[in-house]
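Undergrad: One letter stands for each residue in the lines below.
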Amino acid sequence: MTHFLPFLVTAMNRHSTFMCRNRFSLSPVALVLTVCGSLLFVSGCGKTPAASFRPNMVEAAKQRLKPEQEEQVATILEAMFGTPDNPIAMPETGLDIGKLRLAAGPVHSDIVGRKNGLFREHCSHCHGVTGDGMGPTAAFLNPYPRDYRPGWFKFKSTERADKPTHGDLVTILNNGIYGTSMPSFELLGEAKVDALVEYVKYLSMRGEAELNMMRYFFELDDEDEGKLPETRDFLVEEILLPVAERWQEAEDAVIEVPEMPEVDLAESIAMGKELFYGNKANCVKCHGVTALGDGQANDYDDWNKVVKQWSDEVQSSHEVSTKEMSREEKAEHREYLARADKALAGDALEPRTIQPRNLRQAIYRGGRRPIDFYYRIHAGINGAPMPAAAGTLTPDEIWHVVNYIRSLPYEFDGELGADRSMVARDRL
Amino acid sequence: MRNRLAGIFWSILFLAVPVLGVGVFAIAPSIDVWLPKDVSSHGKEIDSLFYFILALTGIVFIVTEMLLFWFIWKYDAAARGDEKATYIHGSHTLEVIWTIIPAVTMLFLAIYQMNAWADMKMRRPVMKPTVEVVARQFEWRLRYPGPDGDLGTPDDLFLVNDLHVPVDEDILIQLKSMDVLHSFFLPNLRMKQDAVPGMKIPVWFKATETGQYDLVCAELCGWGHYKMKGRITIESREDYDAWLEAKYREQEATQPEPMDEIL
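So the protein lines, in turn, are chains V and A.
Going by our numbering, the letters in the first sequence line up with residues 1 to 428, in that order.
Going by our numbering, the letters in the second sequence line up with residues 429 to 691, in that order.
In case anyone wonders, no lab produced these hints; they're calculated from the structure.
Here a beta-carbon is modelled for each residue, glycine too, at the ideal position from N, C-alpha and C.
Misleading hints may appear alongside valid ones.
[What the hints assert, rightly or not] Derived DEER-like restraints, expressed as beta-carbon distance ranges:
(1) V:ASN298 with A:VAL461: 55 to 61 Å
(2) V:ASP110 with A:THR638: 31 to 37 Å
(3) V:THR83 with A:ASN431: 58 to 64 Å
(4) V:VAL107 with A:SER664: 34 to 40 Å
(5) A:TRP498 with V:ARG114: 50 to 56 Å
(6) V:LEU292 with A:PRO625: 19 to 25 Å
(7) V:ARG54 with A:TRP651: 20 to 26 Å
(8) A:TRP651 with V:PRO91: 35 to 41 Å
(9) A:ASP607 with V:GLN309: 28 to 34 Å
(10) A:SER664 with V:VAL263: 34 to 40 Å
(11) A:PRO625 with V:GLY113: 36 to 42 Å
Kindly produce the complete structure, drawing on both the sequences and the hints.
TA: Written as structure tokens, this is what we have:
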């Protein structure tokens with residue numbers, strides 16, 4: 001070892017002299033670093049793997065699908081709907097493939113310089129490439145971004161269980177949803193908004209078709225051998241049409257809104273107030289006696305309820321004693337639990353309770369036009385605990401409640417708040 | 429010989445900074461990356477201040493960069509053979525001069541721009557707000573006071589991203605933020621003001637020409653900052669009133685709009 005040392009010192013000395021004399025020259029180290037940096041830069045700009053749709057892991061685990069069954073669902077879905085880069089619009093869906101192509105795929109400009117890949121540019125970071133409401137930013141947001149796959153939409157002009165119309169979704173994209181993280185996309189222009197709405201419908205139909213298939217395995221006969229029949233008739237009739245038709249029917253199923261009764265506004269508001277606090281409409285139950293949204297708040301909306309109920313179920317399965325089980329049963333049980341835990345961790349966001357709207361802020365998610373309120377009170381809010389009032393209240397009564405709610409932000413101030421002596425306690 | 433080449437390389441590199449720097453400024457207006465068209469009453473003053481400071485700093489920039497180049501070129505050890513460097517302790521006089529000149533220049537600028545600053549940020553027109561702008565991730569929520577002129581009353585008009593103002597009139601905007609720092613930036617009106625959560629900040633200007641221009645966020649406010657784009661439409665009083673009226677009627681709709689109007 002020692003006889004190497006003098007050599008080393010000489011080498012170092014030589015090197016340091018070299019360094020001093022060449023302080024301003026391009027050192028080989030700098031050159032190597034530059035080249036490596038450039039290579040990294042170039043490789044970073046290379047092709048990324050093609051995007052793919054994520055399977056509905058929660059539903060698959062819940063239905064205890066076998067791996068080959070999951071695979072079959074994925075194969076059929078790809079045959080019916082294509083991939084995120086290459087969407088397919090089967091004629092039965094009634095979707096416009098031109099619009100879908102504009103919205104689908106990676107962000108790029110086509111030959112005529114038109115921007116494509118709109119969904120991934122504007123929507124997927126929250127709603128996810130699959131439209132499952134689980135994009136990279138989703139977990140930060142409250143409320144969570146919408147999961148299109150169950151096919152439930154909140155703010156629309158149709159009856160509670162119906163799909164929204166195309167125009168309803170256009171309105172949402174144009175106005176955004178004030179009070180949530182959904183911003184306005186109006187300035188994108190009509191054509192782009194239209195294409196995005198078409199793509200949302202596509203993702204929703206795809207998600208619902210997936211759910212339909214996963215749930216269909218239950219109904220199979222023994223002779224099917226645990227596989228869905230892969231005939232066009234079966235897939236269209238049993239899987240696709242039940243979803244697609246409901247989207248098409250929605251266009252002609254807009255709720256008819258009778259004209260507002262010709263009553264003095266103050267009188268209408270007074271009647272609305274009575275209904276709001278009365279047993280018939282019972283708005284106070286959730287929106288609270290102060291209308292600040294401080295009523296019952298321990299409920300869940302349907303998206304969160306699905307996760308909540310199932311995770312409770314999985315939790316109690318964890319506590320089941322395995323003593324009585326045979327070896328195979330034990331293995332199966334363990335496998336099911338592991339899969340369920342994985343699905344809940346990877347394919348679901350932590351369930352959150354509802355927040356009944358604070359009606360005094362003049363911030364309304366589903367629009368502030370009187371007609372928007374009418375739709376919401378008449379049909380309720382699909383997916384939320386807000387019930388339909390159509391059976392209990394007459395159209396005139398709904399209008400009174402609409403007028404009262406619209407006056408709430410100004411009740412103690414401005415023109416309508418003349419009666420300042422009114423306090424929450426007196427109203428009861 | 430190799431070392432002399434290195435000296436030349438570095439001095440040319442340093443020379444490229446002022447040459448390219450001035451070059452970019454020289455061609456910028458012709459490739460349309462210069463100041464956007466000014467349509468505000470106070471913009472001329474802002475622009476002339478900008479040009480004045482640009483000229484001042486531009487001269488200092490060129491002189492400094494040329495000196496940097498010159499020193500590297502002239503005092504390259506390889507070119508000067510065995511000549512020894514002189515050790516000097518510094519020049520007191522020189523230091524006083526190069527401290528006093530910038531200090532006086534800065535002080536001059538501070539006083540010279542004071543009136544323009546006061547016009548934009550202190551001498552607010554006595555009036556009620558034309559519109560309230562609430563910045564949030566990632567859009568501009570707008571609230572017009574309606575016919576009674578007061579915000580927070582039932583005739584308020586709520587809109588988003590699509591700001592309209594009348595031409596040749598004082599405009600007072602009440603600026604708020606709902607979540608984080610944003611910056612309300614109207615490049616064509618030479619107006620930029622941070623929106624701060626919890627504060628109600630007045631912003632005023634007078635537009636001199638009709639047209640549609642950008643409204644952008646000029647403060648990194650989150651991942652979607654780049655898409656926080658709105659639009660300002662400057663129009664005649666009649667057009668503005670008609671627009672307000674139409675939007676208000678839309679907001680008060682008790683029947684659905686015909687489909688062709690939505691799409």
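Undergrad: Against each hint, give a clear statement of whether it holds in the structure.
TA: Evaluation of the provided hints:
1. Separation of ASN298 of chain V from VAL461 of chain A is about 57 Å and conforms to the stated range, judged on CB atoms against 55 to 61 Å.
2. The given range of 31 to 37 Å is respected by ASP110 of chain V and THR638 of chain A, whose C-beta atoms sit roughly 34 Å from each other.
3. At about 60 Å, the beta-carbon gap between THR83 of chain V and ASN431 of chain A stays in the expected band of 58 to 64 Å.
4. For the hinted restraint 34 to 40 Å between VAL107 of chain V and SER664 of chain A, the CB-CB distance of approximately 39 Å keeps it satisfied.
5. Hint check: TRP498 of chain A to ARG114 of chain V, Cβ distance near 53 Å, so the stated range 50 to 56 Å holds.
6. Between LEU292 of chain V and PRO625 of chain A the C-beta distance comes to about 21 Å, which sits within the given range of 19 to 25 Å.
7. In this structure the supplied range 20 to 26 Å holds for ARG54 of chain V paired with TRP651 of chain A, their Cβ-Cβ distance being about 21 Å.
8. Take TRP651 of chain A and PRO91 of chain V: their Cβ atoms lie about 39 Å apart, and the range 35 to 41 Å holds.
9. The beta-carbon spacing between ASP607 of chain A and GLN309 of chain V, approximately 33 Å, falls within the hinted interval of 28 to 34 Å.
10. Separation of SER664 of chain A from VAL263 of chain V is about 39 Å and conforms to the stated range, judged on CB atoms against 34 to 40 Å.
11. Take PRO625 of chain A and GLY113 of chain V: their Cβ atoms lie about 40 Å apart, and the range 36 to 42 Å holds.
Violation of the numbered hints given earlier is absent; every hint is satisfied by the structure.
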